Amino acid sequence: MARLWAVIKREYLERVRTKWFLIATVFAPLFFGMITIFPIWLTARSARNVDVNNILVLDASGRGIGKRVQFALGSGPMTERDTGKTQVIELDTTQLAAAELAALDAVVKRERRGYLVVPPTIMSDTVARYAGRNASSLVEIGRISAALRDGILATRLEEEGMNAGRVMQLTSSRRIELSADQIGDRGREGRGGLVKYFFSFTIAFLLYMSIFLYSQNVMRSVLEEKQTRVAEVIVSSVRTDTLLAGKVIGVGAVGITQQILWIATSVALLYLRAPILRALKIMNPAISIPSIPLSVALLLLLFFVLGFLLYSALFASVGAMVNDDREAQQAQQPFTLLLVGTIILVQPLLINPSSDLAVWSSIFPFSAAVLMPLRLSMTSVPAWQVVASIAAMLVMIAVAIWIAARIYRVGLLMYGKRPTLGELARWVRRSA
Amino acid sequence: MSEAAIEIRNVEKRYAAHVAVRDLSLVVPRGTVYGLLGPNGAGKTTTIRMILDIIEPDRGTIDVLGRSHRDRSVQDDVGYLPEERGLYRKMQVRRVLRFLAELKGVKAKEADRRIDEWLERLTLRTAGKDWGAAKVDELSRGMQQKVQFIGALLHDPELVMLDEPFSGLDPVNAQALKDTVVELKRRGKTVIFSTHLMENAERLCDAVCIIARGEKVLDGTVSDVKAAHGARSVALALDADASPAVKAILGDRSLVTRADDSNRFFEIELADGGDAGVLLRRLVEAGAPVRRFERVQPSLHRIFLDRVGASGVEAGMSGHG
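Quick mapping for you: the protein sequence lines, in order, are chains A and B. Be aware that the first sequence starts at 1, since it is given in the working numbering, and climbs by one per residue. Be aware that the second sequence starts at 1, since it is given in the working numbering, and climbs by one per residue.
A portion of the hints provided could be inaccurate.
Heads up, simulated DSS-like pairs for lysine-lysine below, C-alpha to C-alpha not over 25 Å straight-line [stated by the list, open to error]:
#1 B:K107 x B:K90
#2 B:K107 x A:K9
#3 A:K9 x B:K135
#4 B:K135 x A:K19
Far from chain B, some chain A residues (derived; all Cβ distances over 10 Å) [claimed, not checked]:
#5 L153
#6 I234
#7 A264
#8 Y271
#9 Q329
#10 L357
#11 P382
#12 Q385
By construction, these hints were calculated from the structure, which means they are not laboratory data. A quick note: this is a predicted structure, and the numbers were derived from the prediction, not measured. Heads up, the beta-carbon is just placed ideally off N, CA and C, and yes, glycines get one too.
Please model the complete structure; the sequences and the hints are all you need to start from.
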């Protein structure tokens, strides 16, 4: 037990001490923070940049539509804006040509963004003109045309005899919040279908990445001991089983440490997001991250551990049977393909997490570790399927470890030619 | 407590293509320095690995310190310096050593104390420089070898197995290692080392076993081995250069098989049936200015060459003894 502990401690500490670990642990949450805050900030910024201020409204309607446009432009969403710069000039048709020339000059000199001409016929044919530096901005032109529409509408209501204050109240544009619910084959699937989709995909992908990375870490650790010839000293002190177990547990613990740190900082960032956004002068937009119940979260962790155990046993045997990195690249391909094949199934499962393909691929032990959590995060999975998935993995882990430990025992001190499948089978039999 | 540190009985190890060790039996008494001698590929490393239960013999039994070599408790009483040396390259020297000690059940604190002691003793820690704080990578090969040697001794083992300990060491470090071996023996430990350098074996060992092609050629205490092979050697020293008459006598194949000529000093091997008395009388009659005429024991080197010969070095083997 003391020896196992010594091996675990070395594997763990030597990894945690590396720069790589520090970088990955610090930068991943920063990255996560970036992707949660940056898009919001970006959207808010571009919204704020919609510059429909400082334009000149040449109002020849004779009905005060210009003033209404000015008001509507000022009541846009997201940020308070300075409408003072937008100027309305009420004039009649004869003055229009001269005023337009002057306005053009002002835009050329960059004193104004553009100018809007509200002709007298506006109420009947609803045709107006805008010219300006931002004429190609769909958002800005959209905003101006919406303001114009509001103005016309308000005027019409007033002309129909509605009280001016009431009209003002009714037409001032409010930002509309449209919540979108996903409906699937089995009915309503809750709020934010798209967000959930990406969320589930992220979970699957993170599981895939971490299982892959940490299993490879075990392989590299085995290979290092073999290449540096440390292996011989170590196996004169501990049983190969102990050494292998220590490696897998030590590296696995690094993985879990890292993920706990990631999750903790991510959660902290989530809580800190509101103050950060406020500091950036962005009103907190209501984007909800789907919440996972604790029981599902624990299942996710369990599947990570199971997947890691299975693949690290497989990759450890690869590390023991090869002589260098190049050979390892080749020899690990069958197992890498199993994992990559799993990732290929993610897309169809996201579309239909309850299909037969989904059910069986999430029970198949080589893909279960990624695909079952994917389904769990998307829909409710029948208990028997979860149990079957875990059971299948446990059986496969037992088999993989049994074989890997034997290949490991013989392979660790074998140098030279890479063994053939027949030789591998002999190793397994002989050390049984 | 068993008298023997190691007792090997009828051990055999085959690999697909060849027999690495064939029906080997030997006994290493406790408290001795024991040399396992043989050319490359003779089966030395295979034997050592079997003793340490790193590989399993196909046949035969091995007892270490009175217990079966498969008994896990044995490992804590044995220190091992493998022929293929290596340490974790990116790890700090002190941490590597602590790890190796912990694998043998030494507590971290006690390990640290011993590590300092050893680093100083083997001059890896001086007033100016502490190599213990450096990474293994930064050490020269010789220093790495010393670190590994320390690693084999940190848990103060009863039995120390050193596989080709002198290869790659400069004379100063080799001497430090020899001093340590002598010191271990003085403290009642048993030291086994394999080597193909007979000179080292001759000076250090109490007993030896010579193996070649996986088989034992001879074993016993160094003095017994020499006595058994010493009857036919004569050391001759002259006061002047050998005259043609003297050279003729030494060339007489009925009397002398071989005379290693070092001008005024000769190591002579008598022919079968050749008599030392006859040789001396003829030399004196020929007027040779004899200063010394002595029957001597041959060097291990001589014995090794006689018994194993060039044919003992089998080509194309794995490279691990």
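Kindly indicate which numbered hints from before are broken by the structure, ordering the numbers from low to high.
Going through the list in order, the structure violates hint 6 alone and respects the others.
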